[in-house]
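Keeping their order, the protein sequence lines are chains Z and B. For the first sequence, our numbering assigns the number 35 to the initial residue and increments by one for each residue that follows. For the second sequence, our numbering assigns the number 35 to the initial residue and increments by one for each residue that follows.
Hint data in this document are derived by calculation from the structure and do not stem from the laboratory. Treat the hints with care, as some may be off.
Note: identical chains are not told apart, hence a pair may lie in one copy or across any two.
Derived lysine-lysine pairs resembling DSS-like cross-links, with alpha carbons at most 30 angstroms apart [what the hints assert, rightly or not]:
id, residue 1, residue 2
1, K89, K61
2, K403, K89
3, K203, K50
4, K36, K52
5, K61, K50
6, K267, K50
7, K50, K89
8, K174, K89
9, K221, K138
10, K135, K221
11, K89, K52
12, K89, K176
13, K272, K89
14, K142, K421
15, K415, K356
16, K362, K155
17, K309, K155
Here's the letter readout for the chains.
2 protein chains.
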Amino acid sequence: MKFQLVVLGDELLQGKTKDANTFWLAKFLFSKGFSLGSGCMIGDNISDIASQFQKSIEENDVTFVTGGLGATNDDLTKFALESAFNLPMEFSQTSFDYADKAYKRYNKSIDENHPYAQMPKGVEFFYNQAGIAPGIMYQKGKNLIICMPGVPSEFQGMIEEDVWPWLEKGLVAHKGCFKKTISIQTKALPEETIFLRKYPDLWEQISSFGRLSSLPHILGVTISVNLEAASEKDLQKKEEGFLAFIKGHEISEYIWQIGDLSIQQYIVKLLTQKKLTLAVSESCTGGLISHHITNVPGASSVYLGSVTSYANTTKEGVLGVKPQSLKKHGAVSECVAEEMATGVRQNLGADIGISTTGIAGPTGGSEEKPVGTIFICVNTKDQSTQKTYQFPGNRIQLKHRFATAALFALLDVLEQI
Amino acid sequence: MKFQLVVLGDELLQGKTKDANTFWLAKFLFSKGFSLGSGCMIGDNISDIASQFQKSIEENDVTFVTGGLGATNDDLTKFALESAFNLPMEFSQTSFDYADKAYKRYNKSIDENHPYAQMPKGVEFFYNQAGIAPGIMYQKGKNLIICMPGVPSEFQGMIEEDVWPWLEKGLVAHKGCFKKTISIQTKALPEETIFLRKYPDLWEQISSFGRLSSLPHILGVTISVNLEAASEKDLQKKEEGFLAFIKGHEISEYIWQIGDLSIQQYIVKLLTQKKLTLAVSESCTGGLISHHITNVPGASSVYLGSVTSYANTTKEGVLGVKPQSLKKHGAVSECVAEEMATGVRQNLGADIGISTTGIAGPTGGSEEKPVGTIFICVNTKDQSTQKTYQFPGNRIQLKHRFATAALFALLDVLEQI
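Looking at chain Z on its own, in the form it has when it is part of the complex (with noise of 0.2 angstroms):
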């Protein structure tokens, strides 16, 4: 089964706009037992399209538009179709209809010239729940091109509530195996240190069960396998021995989770098998690590919130950072960290506190504590424990490596509790 993305838009290639449909439909089709393919993106030009519709309807069994659906000039979509297959435009009742209720949701109706009741001919159309644009399913042959609104909330909610729906009754006979991934989070290991050096036969050992691929983040690396097999059993027993390999060899003394978590999702979950409740405060990070932990749906039974306090004031004010701490050590050091995660985790009431502050520049650096310098500290009533820093990168990249770094800090105290 073979599928591919088409992405469409100058503001793409433009660097306008992020896309954000190639990572939630490769996640999403990955979570049904299949893979992408392949992607494209393309500029709103319509020959282009169309040659790319031609040529994709042959190479894949489906083929996903996204973008270019609307009722504005550079709205291509349904004439690359139109030219792509010589389809003639004409007035359907379908679409029509699908776009006049829509619009009823905003008390507005539509006449028969709009664009959206003038369609390629022979084409099937998906009603669209979070936005007004019908989808456009055109097939040739067996193989499909199935193209929906650019807007991530509709094409994602067409994809789920209609498109996937209908498309997985006819694919079932097609899946022949069952597949499963297994991921292995690990820490304080580079990659090339597992792979190349500490453990140099791992990468084929694990190979035997299934692919493998490697992926380093900035304090540990993912590594998954892609298990499969005949059948349900035949999987389940692969797996039984893939953990049974990996669970015995040297390398899991690095292994934090065996799991798709991320950080912050495995964070909330042992807080909350703990029973342990958490407050954050940032300087640097500015409200990033917060903003990790509440992207996680239940935070609020463990996270009782954060205190960002970018200037010293706030500090002083709202923490209780000693005016001759910041004074004396300046307010990117060990000392204020400590008095940082002490103070809002007494304000708040919580049994951790956590603190960052550090310099994610462009300027504030000095020789001493260069851009990139960060300082982390996690407490409780026992304890307090330090991490230091320096990491390359710009701004908004510092800020995230800054909170990646506090989490596993984080992680490394709740490990021990």
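Using the hints, position chain B against chain Z.
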């Protein structure tokens, strides 16, 4: 000048990691007066990559490639070059020297059998300032394939520091024309209302100045026009003509910015100009507003900090929200939003306080206040301004919509001060 980006990696097609390089490169090229012509994403399969390389080098002046340069077994880029263009592997002194120099930063060295020392015959190399793996360039006729690491900081560093400066020397002759994009950012009107209902001639009128694209956001539309001219002087004239037209058009009352600043950059700019300080209190947005604001370099001169009051105890203890307000109206209410905004403004000593309280889901909604409900308050010493919305979306989407809505509410107030 035709550019393509080929992004490699199973992890991208399986939704395990997000491609950040396409957006970055598109933006980068556009800032240099060029456009990315197309993008494509393929998996770690040597024959797929090799045939893409053969096709790309025929159809594009410069093909950029990211990913697959590392030293582990899923890194196939150099083997795909070998296979596509028949370039046998051999010892490369340059690649060895570049990799060895990079490893020395980590106090390591490599021998002549290391993967980085064995490279396809006849290629050239770029030093990796932010990582280890050298970049690889292959030339066929006048066309180039330039392979870079997939890690965003390494890819971006290599383009900025080495690849682009080298490439630009040969590109100047190709440029031919002067380009500029002007962005008109509107608020309060949906895209269709602007172009189909209120100002049906506007699209064509703007198009007479240059190619137009329109991008709807949650609370506004960005209209971009690409101006082109044969000389710098003509370009300036065209720009003046376009600005005079747009400022004289009725749409201008809905324009909040002519330019490319994000809403948070624009807000930091306004605060700086007006010498005002800001404090934020977040409930459902969980730190995201603060993260957005602190992404702006220089934010520290106007931004005092934030309190993420996820728990009611934090709302009461740190922000001074009254227990009876929480009891009578609930945490998600106009009344609590106002007390949060006032509390954070006063406690942090800021000129303006903003707050959000709402329901990001997936649970916690009710008939009266469904998931997607948000109360926003902007408070100054003279007044409180309230906004209430109900947005569609999942938890992450809602957090982003809530945060954007809060920043627009703040913009409305800042424009009046």
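Verification of the supplied hints:
Within a single copy, K89 and K61 get their C-alpha atoms as close as 24 angstroms, and across copies as close as 28 angstroms, so both meet the 30 angstroms cut-off. Proximity of K403 and K89 under a CA criterion of 30 angstroms is satisfied in neither setting, with 55 angstroms inside one chain copy and 48 angstroms between copies. Taking the shortest alpha-carbon separations for K203 and K50, only the inter-copy value of 26 angstroms comes in at or below 30 angstroms, while the best intra-copy value is 38 angstroms. Both within a single protomer and between protomers do K36 and K52 lie at most 30 angstroms apart by alpha-carbon distance, with minima of 25 angstroms and 21 angstroms respectively.
Taking the closest pair of Cα atoms, K61 and K50 come within 30 angstroms of each other both inside a single copy (24 angstroms) and across two copies (7 angstroms). With identical chains, the CA atoms of K267 and K50 are at most 30 angstroms apart between copies only, with a shortest distance of 26 angstroms across copies and 48 angstroms within one. Within a single copy, K50 and K89 get their C-alpha atoms as close as 27 angstroms, and across copies as close as 27 angstroms, so both meet the 30 angstroms cut-off. Taking the closest pair of Cα atoms, K174 and K89 come within 30 angstroms of each other both inside a single copy (12 angstroms) and across two copies (25 angstroms).
Taking CA atoms no more than 30 angstroms apart as the test, K221 paired with K138 passes between copies only; the shortest distance there is 23 angstroms, against 53 angstroms inside one copy. Taking the closest pair of Cα atoms, K135 and K221 come within 30 angstroms of each other only across two copies (26 angstroms); inside a single copy the shortest separation is 52 angstroms, beyond that limit. In this homomeric assembly, K89 and K52 come within 30 angstroms of each other (Cα to Cα) both inside a single copy, at 25 angstroms, and across copies, at 26 angstroms. In this homomeric assembly, K89 and K176 come within 30 angstroms of each other (Cα to Cα) both inside a single copy, at 15 angstroms, and across copies, at 27 angstroms.
For the identical chains of this complex, K272 and K89 are neighbours neither inside a copy (38 angstroms) nor across copies (39 angstroms), given an alpha-carbon limit of 30 angstroms. In the homo-oligomer, the alpha carbons of K142 and K421 lie at most 30 angstroms apart only across protomers (24 angstroms), although the nearest pairing inside one protomer, at 58 angstroms, exceeds that limit. For the homomeric pair K415 and K356, the shortest alpha-carbon distances inside one copy (19 angstroms) and between copies (29 angstroms) are both at most 30 angstroms. Within a single copy, K362 and K155 get their C-alpha atoms no closer than 76 angstroms, and across copies no closer than 58 angstroms, so neither meets the 30 angstroms cut-off.
For a Cα distance limit of 30 angstroms, the shortest separation of K309 from K155 qualifies neither inside one copy, at 61 angstroms, nor across copies, at 60 angstroms.
Hint violations for this structure: numbers 2, 13, 16, 17, all remaining hints satisfied.
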